[in-house]
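Enquirer: The lines below spell out each chain.
There are 2 protein chains.
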Amino acid sequence: MSEENIVYIGNKPVMNYVLAVVTQINGGVSKVCLKARGRAISRCVDVAEIVKNRFITDIEVKSIDIHTEEILNNEGTATNVSAIKIQLSRKAN
Amino acid sequence: MSEENIVYIGNKPVMNYVLAVVTQINGGVSKVCLKARGRAISRCVDVAEIVKNRFITDIEVKSIDIHTEEILNNEGTATNVSAIKIQLSRKAN
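Sequence order for the protein chains is A and B.
For the first sequence, this note's numbering gives the first residue as 1296, with consecutive numbering after it.
For the second sequence, this note's numbering gives the first residue as 1296, with consecutive numbering after it.
The shape of chain A in the complex, shown without the other chains:
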């Protein structure tokens, strides 16, 4: 079993998250899982693509999963929001 680290993508600049992922991979982690909800989903895909194409070329997108999460807002009503999970892992040599 190899360790897995999760990076939650929010509203900060893309490069913050790219740096977080690159730091983890260079620290010896072999798998990183990117998670995002709602409008951050586009940024999540950007992070995966930028890490893969510009920083760590021996990484690959292992799996992409989309699903719906229920969020309770301040008034106590539930809203549905889409979410994405992108698994990145080092290619086996």
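Some clues are possibly wrong.
One copy or two, it doesn't matter: identical chains are merged, so the pair holds either way.
[Unchecked claim] With a straight-line cut-off of 27 Å between C-alpha atoms, the simulated BS3-like cross-links for lysine-lysine are: (1) K1326 to K1386; (2) K1357 to K1347; (3) K1380 to K1357; (4) K1347 to K1326; (5) K1347 to K1330; (6) K1307 to K1330; (7) K1330 to K1380; (8) K1307 to K1357.
Derived from the structure by calculation, the hints contain no laboratory data.
Values in this document were obtained by computation on a predicted structure and should not be read as measured data.
Starting from the known structure of chain A, fit chain B onto it as the hints suggest.
Expert: For chain B alone, kept in the frame of chain A given last:
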């Protein structure tokens, strides 16, 4: 070989695209491919989730692919933009 239709997701309201997909499926098409770039990626995931959870329950996400596309802007310089392709297809009975 079954026919495949493509729905490009842009900046219109989500429900326009949901309707487009539902119309195609109900018209007898067994596979629909959703494509989006840049910020429309989040909306693309919304469309897939809404169709699957609320309208056509015997549909499934067959594959999700992310990649980078190069766009030439007005000044002739190239910019990279992330893109997503979500394949929806009817479950085999």
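Enquirer: Out of the numbered hints, which ones does the structure contradict?
Expert: none
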